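Peer 1: So you can see what is in the structure, the chains are spelled out below.
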Amino acid sequence: MTELQTGDKVRMQAALEELVIGDRIGEGGQGTVYRANLNGRSFAVKWYRPARRPADDALIYASLAKLVESGRPPHPAFIWPIDMVKAEGRNGFGYVMPLMDRRFVSFAQMLSASEPPDFRMLIRIGLNLVDSFASLHTAGLCYRDINFDNLWVDPASGDVAIIDNDNVGTNGGKALVKGTMRFMAPEVMRDEALPSATTDLYSLALFLFYLFFFGHPLDGELVEASYSWDEGKRLTEEELMLKHFGKEPVFVFDPDNPVNRPVSDSPMWIWWSLYPGFFKDMFVRSFTTGITDPNLYGRLVEGVLRKGLYRLEDSIWECSTCTARMLYDPDDPGRACWNCKTVPQPPLLLTVLGSSIVLAEGAVLTGRHLRAHDLGEKVLAQVEADGSFPGRVLMRNKGDDPWTVFLPGEEPKMVQPKQRLLVRPVTLEIARKRVTIHQAGQQPPG
Amino acid sequence: MNAMSKTIMPGGGIARRPLHFIILADCSGSMRADDGKKIQALNFAIAEMLQHLTAWERDQERCDVLVRAIAFATEPRWHIPQPTPVSRLRWMPLTGIVGGRTNMAPAFRMAASVLGNDQLERRAFSPVLLLITDGMPTDDPKDFDRGLDTLMGLRAGREAMRLAVAIGRDARSEALTRFIADPQQPVLLASSIDEIADKLKLVSRIVSQGSSAAQDEPDEGQPVNDFDVVV
Ligand SMILES: Nc1ncnc2c1ncn2[C@@H]1O[C@H](COP(=O)(O)OP(=O)(O)OP(=O)(O)O)[C@@H](O)[C@H]1O
Chain A
1 MTELQTGDKV RMQAALEELV IGDRIGEGGQ GTVYRANLNG RSFAVKWYRP
51 ARRPADDALI YASLAKLVES GRPPHPAFIW PIDMVKAEGR NGFGYVMPLM
101 DRRFVSFAQM LSASEPPDFR MLIRIGLNLV DSFASLHTAG LCYRDINFDN
151 LWVDPASGDV AIIDNDNVGT NGGKALVKGT MRFMAPEVMR DEALPSATTD
201 LYSLALFLFY LFFFGHPLDG ELVEASYSWD EGKRLTEEEL MLKHFGKEPV
251 FVFDPDNPVN RPVSDSPMWI WWSLYPGFFK DMFVRSFTTG ITDPNLYGRL
301 VEGVLRKGLY RLEDSIWECS TCTARMLYDP DDPGRACWNC KTVPQPPLLL
351 TVLGSSIVLA EGAVLTGRHL RAHDLGEKVL AQVEADGSFP GRVLMRNKGD
401 DPWTVFLPGE EPKMVQPKQR LLVRPVTLEI ARKRVTIHQA GQQPPG
Chain B
447 MNAMSKTIMP GGGIARRPLH FIILADCSGS MRADDGKKIQ ALNFAIAEML
497 QHLTAWERDQ ERCDVLVRAI AFATEPRWHI PQPTPVSRLR WMPLTGIVGG
547 RTNMAPAFRM AASVLGNDQL ERRAFSPVLL LITDGMPTDD PKDFDRGLDT
597 LMGLRAGREA MRLAVAIGRD ARSEALTRFI ADPQQPVLLA SSIDEIADKL
647 KLVSRIVSQG SSAAQDEPDE GQPVNDFDVV V
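Chain order of the listed sequences is A and B.
Okay, so the first sequence: first residue is 1 according to this note's numbering, each after it adds one.
Okay, so the second sequence: first residue is 447 according to this note's numbering, each after it adds one.
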């Protein structure tokens, strides 16, 4: 018997504490995960089935022990192995890790909910994913198996949880796991490369594509045409994936090659129509040159993804006719609303140091926008709506210092901390940086 | 920009492909045995399985699980004729039919009648067929073979994941093993119905998502210890 039963005891190998095994949570490829209890606190224990080749057991153990020793990367998303465990009088081993909080749900559940998250939340989640993998990659490690089973999300806070870290290894090291086919970099699928941080970047971009566009970036008409129930014609699921996601991948929105557009009823169509060009370009690059140039030049590194997500956050606005959530695209200002099909009134933009923020409810100005490194991500201004000013927005001073507002032909005014400015085209000084507010499509004042 | 207004975002979830799940439920007279305990066990097992399936469907991004059910005895009939999303399904309990025989072949043919090449969506996954019975077919053996052949003659029938759940102690029969036609796949007991969702997970792993295991053997000339092994 290598399976554990409720009530069995396992011993932590370094801490020497004893854990009591509780319910079985689930089963994976190599083992079973159980709830476990240590002095009234809950943990999770993954217990391994014997590997097909006994020599692998020792390797698995050694690599897990290494992860325990190196400790969790700085980002809190990782549900990292805490210690190895063994059971007295029994072969086999496992590891103990934190129990994932109940607030986390699968990405599949969140994205299929009747009220999916709004753009601000999608972006926050995207940034958390990017930051967590950046912290792993910076540590010289790679994850290897990004997929819908292993990444979890708290839809209320946008926090993410990453489980199944037993796949983590040294960047470029050989591994027993190549990944999950649908998420694997084509060169890994074709057995031309081993999983690495570079191939993680492909899988991360693919996961982000799912998050923002609600479909698989290579799954379009070409794949559809390959399905068949006719004898002799039907490819197995594995052959299909190898062909369309590995050997002959074509991005569904490849600007130069329209053969693999999403099928007509795909949700990807509407989502693609919503995003500004600069954001879509990141994915075009990921799934065109990112496929033909499978290296760090072709792939989008976390810093680039992060910048794109920040910029997208600054583009959020809503339709002035129907209030549907929209994203402002400075290169396509006359775009009609996806929901009511009218062309909304252009938004007010706040421009500082060459970048612009759409002044819609919820928008924030942070130290990052002002390149004030001492202020970091600190929120300096937040845009609010107020029923007393219908159709207008206000900007609250969330910082510690007053703003100066310059009005043509008038004395400068001050906006003290906690005060609000009724937003209109003006020039301001915030944290010694010059900030302008102007109508999109018009020249900033003075 | 009214704080009270509802967030208007496109909905509709992720693009998924249909996974047809067809239950073949035994409602023969023998299922009435033991004060109807067997048929109760069947209803209970199916209701429980549907809950696991719903949870499984919720947490993956590939399949829309669509359920149909055939109740069979001397003759089969559709208990759930329309492919119904598993999350919306309410299982209406079945009852055993007095004097009803356990004719499986007509049930196989009925399942086959909806699995033809032009009846399944092209993008559908290979279906799942679940036979749940106390195990002893009463068909004429030749007819049993012909019924099974009809099903297995279809690509979708042959490639289906075929599972059998035995109700009662003496339910493992050669008929079930032949229906499953996969030595890796044992006949399940009603008490272990929760394994079905796990099995689907494995199917979606191995068949649908592709194998996640890397090459089994290390490269030639590469000592095993050089592997940065990760499970
Ligand atoms: N720390 C944890 N807390 C709560 N649930 C967990 C935890 N770790 C894993 N699980 C759950 O246990 C189940 C099995 O986990 P495991 O990581 O072994 O699955 P897997 O992804 O199938 O594994 P593998 O990729 O190794 O085959 C999953 O359903 C997962 O949701």
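I should point out that these hints are in silico values taken from the structure, not numbers from a laboratory.
Hints are not guaranteed to be accurate.
[Unchecked claim] Quick list of the computed label-pair ranges, beta carbon to beta carbon: (1) 539(B) / 277(A): 54 to 64 Å; (2) 628(B) / 235(A): 52 to 62 Å; (3) 235(A) / 531(B): 52 to 62 Å.
[Unchecked claim] Computed footprint of chain A on chain B, listed as stretches where at least three residues anywhere in the stretch have a Cβ under 8 Å from a Cβ of chain A: (4) 474 to 480; (5) 484 to 495.
[Unchecked claim] No farther apart than 25 Å at their CA atoms in a straight line, the calculated lysine to aspartate or glutamate pairs in the DMTMM-like style are these: (6) 247(A) / 329(A); (7) 247(A) / 231(A); (8) 66(A) / 83(A); (9) 233(A) / 605(B); (10) 233(A) / 564(B); (11) 233(A) / 510(B); (12) 174(A) / 159(A); (13) 243(A) / 256(A); (14) 243(A) / 510(B); (15) 233(A) / 480(B); (16) 452(B) / 154(A); (17) 280(A) / 386(A); (18) 378(A) / 118(A); (19) 452(B) / 224(A); (20) 233(A) / 521(B); (21) 233(A) / 256(A); (22) 452(B) / 256(A); (23) 452(B) / 429(A); (24) 452(B) / 192(A); (25) 378(A) / 411(A); (26) 413(A) / 329(A); (27) 452(B) / 231(A); (28) 86(A) / 115(A); (29) 233(A) / 595(B); (30) 307(A) / 410(A); (31) 66(A) / 118(A); (32) 452(B) / 56(A); (33) 433(A) / 332(A); (34) 452(B) / 361(A); (35) 243(A) / 595(B); (36) 243(A) / 605(B).
A quick note: this is a predicted structure, and the numbers were derived from the prediction, not measured.
C-beta: ideal position from N, C-alpha, C; glycine also.
Peer 1: Taking each numbered hint in turn, which are not upheld by the structure, reported in ascending numerical order?
Peer 2: 2, 3, 4, 5, 6, 12, 15, 17, 19, 20, 21, 22, 23, 24, 25, 26, 27, 28, 30, 31, 32, 33 and 35
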